[in-house]
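Chains A and B, in that order, give the protein sequences. Here UniProt numbering is used: position 245 in the first sequence is 245, and no number is missing along the way. Here UniProt numbering is used: position 4 in the second sequence is 4, and no number is missing along the way.
Hints are computed from structural coordinates only; laboratory data are not their basis. There are no misleading hints in this set.
The list that follows gives simulated cross-link-like pairs (lysine-lysine, BS3-like), each with its CA atoms no further than 25 Å apart:
#, chain 1, residue 1, chain 2, residue 2
1, A, K389, B, K40
2, A, K395, B, K40
3, A, K296, A, K254
4, A, K113, A, K86
5, A, K265, A, K395
6, A, K400, A, K389
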Amino acid sequence: MSRIIDKTAAELAADIREGRLTSVEATTAFLDRIAAVDGTIKAFLHVDRDGALATAAEVDAAIAAGETVGPLAGVPIAIKDVVVTKGLPTTAASKILEGWIPPYDATIVERIKAAKMPILGKTNMDEFAMGSSTEYSAYFKTLNPWDTGRIPGGSGGGSAAAVAAKMAPLAIGTDTGGSIRQPGAVTGTFGAKPTYGGNSRYGLIAFSSSLDTPGPVSRNALDAALLHEVISGYDPRDSTSIDAPVPPVVEAAKTGANGDLTGVKLGVVREFESTYDDAEQGVVDAFRQSVDQLAKLGAEIVEVSCPSFAYALPTYYLIAPSEASSNLARYDGVRYGLRAGDDGKHSLEEVMSLTREAGFGPEVKRRIILGTYALSAGYVDAFYGKAQKVRTLIKQDFEKAFTQVDAIISPTTPFVAFEFGARTGDPYQMYLADLYTIPTNMYGGPGVSVPVGLSEGMPVGLQVMGPVLGDDITYRVAAALESTQDVLLADTAPELEGK
Amino acid sequence: MSTISREEVAHLARLARLEVTDDELDAFAGQLDVILQSMKTLAEVDTDGVQPTSHAVPLVNVFREDQPQPSLPRDAVLAGGPDTAEDRFRVPRILDEEA
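Please work from the sequences and hints to get the whole structure.
Pasting the structure below:
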């Protein structure tokens with residue numbers, strides 16, 4: 001473990017701050033790693049070598065001048081392509097935004113820049129964050145560094161693969177139904193979906209506005225917590241931003257690393273038990289071993305009942321596509337990106353339809369049609385309205401459970417990374433990847449995925465869900481589990497051949 | 001019995017301004033049927049008297065002083081458009097030439 005790219009973000013930050021390493025050296029090491037392995041993994045849609053090195057040089061100059069810098073200053077980061085970055089191409093992995101250069105930064109990007117973190121580039125994803133495998137990127141597939149015949153999860157497969165392959169120590173993801181946590185689970189990385197409203201959505205390309213949440217991707221809980229604190233907090237430009245103190249996640253990750261969970265009550269969901277028959281045995285086994293492990297660390301394991309969780313998946317697939325069909329109406333071929341069929345013979349409406357047909361991929365079209373259906377007159381009460389009411393029941397299940405326990409644990413996803421093409425033919429099979437992650441999005445609370453073991457040689461993640469604004473407990477439990485691993489699971493990924 | 005017909009999918013695609021192909025119609029009709037069947041399970045849930053949730057975290061209206069602030073530079077915004085002219089986005093013909 002002597003290479004720069006093997007260091008955690010916390011180690012890199014300390015080395016840079018204390019003069020053992022320059023940010024230019026660190027950033028160069030990750031850019032070189034990208035040059036060596038991303039031809040194979042294809043995690044990045046765009047790499048900004050010059051921009052990253054310019055920021056790195058500024059950090060080094062600031063430190064040399066004796067300035068006080070933030071906790072992650074000089075540590076490079078990759079950003080999911082659904083987050084707008086001023087002057088850097090941003091497409092949400094869609095052809096409809098090909099060539100668009102945003103004229104502004106998302107709030108979380110402003111905060112990353114203010115923290116003096118060099119931005120390495122933009123990562124691949126399922127188009128508009130719709131998918132669980134990154135196979136729906138309009139550009140190319142991203143490969144799982146653990147087995148290049150398998151998917152890296154989705155929608156944030158690029159961010160997860162970049163961190164798993166040590167092309168970046170940190171990355172930003174977004175999570176609407178599991179898009180940070182499921183890629184984390186299947187690539188052996190750590191991913192956190194913060195409390196909804198704890199992080200600004202300003203500058204996130206909208207998919208489902210009542211669910212979309214940006215969050216950190218890393219190799220361990222402490223690194224994610226450090227990034228969490230950089231990007232979080234109230235933003236007046238996001239009307240659903242919560243004006244409350246950021247939960248003390250860094251402190252919680254450090255406390256958790258002591259490996260003592262005495263007095264912590266952890267819930268296991270009774271209604272998930274019946275789904276384990278359809279989940280992969282290796283995933284269920286790894287989860288049960290982790291439950292035993294947590295009990296050994298002093299946690300009290302309590303069964304909680306959340307009967308409405310059984311309806312979370314259909315509820316999500318009514319609410320999210322409904323919001324998406326409305327949000328994606330803005331791609332009309334007028335203000336950004338693509339325009340098709342504008343030959344002087346087609347009307348505005350025809351040009352709009354031709355543009356959207358040419359610019360959107362199959363999953364996006366499916367969800368727009370589904371959302372249009374769920375919102376259409378005659379169906380809106382039976383579908384969208386009903387889903388909103390079931391969402392209330394899911395929320396109430398969480399609220400009741402959190403009167404009994406401090407956090408809830410489950411597998412992150414029912415199966416390890418599957419092979420390319422295995423689920424694209426049947427969208428519903430793809431949707432099942434988010435079976436355990438979706439309830440938290442419905443409720444708005446935080447959820448993290450921490451690597452806990454292997455099944456068939458592929459990583460398995462455990463999910464820790466907390467109450468709204470209780471992000472700290474999820475980090476504490478995850479860090480406690482990490483403390484039981486001699487070597488972090490993320491650091492046991494197969495070494496990739498450079499080329 | 002299928003919940004959604006090919007014709008219905010074509011109608012929805014028109015409403016959503018998607019010029020879908022025949023092949024897509026065939027594929028989507030079958031796939032959407034599977035998805036919609038799963039959603040029918042929601043009908044089992046007793047939601048009498050349950051208030052709908054439209055947002056995860058309860059919020060009240062947020063007010064601020066109405067103060068002018070700089071907006072994005074016009075040229076930077078127009079630069080992202082597929083077709084611009086005379087400092088505006090140019091759009092295809094909306095009205096008939098005779099009109």
